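Taken in order, these protein sequences are the chains called P and Z. The letter at position 197 of the first sequence is residue 197 when you use the working numbering, and the numbering goes up by one with no holes. The letter at position 90 of the second sequence is residue 90 when you use the working numbering, and the numbering goes up by one with no holes.
Worth flagging that the hints you see were computed from the coordinates, not collected in a lab. Misleading hints may appear alongside valid ones.
The calculated lysine-lysine pairs, modelled on DSS-like cross-linking and capped at a C-alpha distance of 27 Å, are [what the hints assert, rightly or not]:
#1 P:112 <-> Z:150
#2 P:79 <-> P:112
#3 P:45 <-> P:129
#4 P:129 <-> P:112
#5 P:265 <-> P:277
#6 Z:33 <-> Z:104
#7 Z:33 <-> P:36
#8 P:79 <-> P:134
#9 Z:150 <-> P:79
This structure is a prediction, so every number in the text was calculated from the model and none was measured.
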Amino acid sequence: MSQGAALPVQSPSASAAAAARPDVCLRGLDITFALKTGELHAAVKNIDLDIAPGEFVTIVGPTGCGKSTLLNATAGLLKPSAGHVEIQGAALNGLNGKAGYLFQADALMPWKTAIDNVAVALEPMGVPKAEALKRAQDWLARVGLKGFAQRYPHMLSGGQRKRVALAQMLIRDPQILLMDEPFGPLDAQTRQIMGNLLLDLWAANKKAVMFVTHDLEEAIALSDRVVVMSAGPAAGIVGDFRVELPRPRDIAEIRTEPAFHAIHKAIWASLRVEVQKAYSQGEEAQQ
Amino acid sequence: MNRVTLIALQLLVGVAFLLVWHLLTTVPVVDGKPLFAPFFFSTPLEVLARTWKDFASGEIWRHLGITLLETVLAFAIGAAGGIVVGFAFARRELLAAVFDPYVKAANALPRVVLAPIFALWFGLGIWSKVALGFTLVFFIVFFNVYQGVKEVSPTVLANARMLGMNERQLLRHVYWPAALTWMFSSLHTSVGFALVGAVVGEYLGSAGGLGYKIHEAESVFDVTGVFSGMVILTIFVIVLDTFVTAIENRLLVWRPDTAAKTA
Chain P
1 MSQGAALPVQ SPSASAAAAA RPDVCLRGLD ITFALKTGEL HAAVKNIDLD
51 IAPGEFVTIV GPTGCGKSTL LNATAGLLKP SAGHVEIQGA ALNGLNGKAG
101 YLFQADALMP WKTAIDNVAV ALEPMGVPKA EALKRAQDWL ARVGLKGFAQ
151 RYPHMLSGGQ RKRVALAQML IRDPQILLMD EPFGPLDAQT RQIMGNLLLD
201 LWAANKKAVM FVTHDLEEAI ALSDRVVVMS AGPAAGIVGD FRVELPRPRD
251 IAEIRTEPAF HAIHKAIWAS LRVEVQKAYS QGEEAQQ
Chain Z
1 MNRVTLIALQ LLVGVAFLLV WHLLTTVPVV DGKPLFAPFF FSTPLEVLAR
51 TWKDFASGEI WRHLGITLLE TVLAFAIGAA GGIVVGFAFA RRELLAAVFD
101 PYVKAANALP RVVLAPIFAL WFGLGIWSKV ALGFTLVFFI VFFNVYQGVK
151 EVSPTVLANA RMLGMNERQL LRHVYWPAAL TWMFSSLHTS VGFALVGAVV
201 GEYLGSAGGL GYKIHEAESV FDVTGVFSGM VILTIFVIVL DTFVTAIENR
251 LLVWRPDTAA KTA
């Protein structure tokens, strides 16, 4: 299934990490939904995927291929129909308590101020309120929202809301970060700024990341590995590419590097087939 | 149009109405009598004088106090019941499914027909009025809380669960604020209905309150008294509504302006 791209250097640290016990291990995962008509719809089929500790893996694929479904199964929000999910060597049962999840849609509690939204994430861990507020203030500063603590979500821009959500996720110091097209709703410039912010925070404290996007450039700029999924239904993994670009990276600048283009070309060759397949299926469905 | 002009025009309508009323009931037209007999229509000045007298003598305060107490009790008990049952139904599918037809039937019943029964059960004191107000407030709050809990954004809920919240924390941080939002968006309506319950109950049988005052005046063809009672009731409603708006603004400070306006 997986094919390594012919890329310049195989970094020793990445291969060492891959050899260790993975943080996320998906084996033979099938996820099937019952449609309203009573038919069964196989979203993804026979997925094997490992994510090493500290590894940034991005999943790309055509629209509706089940990328988010895979993420939700890893989060424990969705129970796979077959196969199993292992988190740090233990079978996942119920919600994934080791993972933080950054959603595409607005997930902040609209009735709480920015600081309360961040601080409340510590409540389930039993952190006292005063301490939680102090740490939340600290996290808001780290995501560049120092003066916005008392704003309600509707008083913040889309990018600022994402920053609060990022702080809310990271304050719990989760071992695994799951992100479902988190910067999808943002404009191009804000996406780049958010991407750089994410990379900075991740570099300071490297966690296993499973990042879903349909934007291949974003995927390459962010990740250590890009996984390509086939068009649905019963989508599988059709490509697995290592991105050997030096870090630290700047999302905007890295796109101009020749190495970036080489990787882009290699992955796009695999992704294009699937995108076209998904597109023609969509055309057929409309006829 | 600027604010001053608007207020001036609004005042003008009120003044014009009072002026027409005054002229029709005081200026002699036929046989030295005005077009509208003051016996049936009273006159604005008389109504004003009566209202002033009632307030000055302090006699109206007792009635206002009774009506206010009934309204507040009906609202508080009705809202509490609506919240509890609304939550229970929203979180327990089976409960909602089993009771659905009965809830709909009970809500379809015009509540005024219950007033005599309540008078029979709870006597002519405040509790029969509170009961009537309760039946009105309960359903409004119940439906809103039910809807509020049901329509919590799935993303917000999934996010809160991923943050590790247990059932109790979800209730406190997600379900409860969501339900409160819906309840407060219907606050004006439910407080209004609590008042309707109180006044209608008093009107149908009591020994005190604004409804009683109006009914008493009607029974002796004291039209001035009836109108004066209505004026006092209107003032009472406006004051109550201003109070509710203040509470609403305080509690729903997190909502975008547009949503607050359409509510």
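Query - Structure versus earlier hints, numbers of those that do not hold, lowest first - result: Violated: hints 2, 3, 6, 7 and 8.
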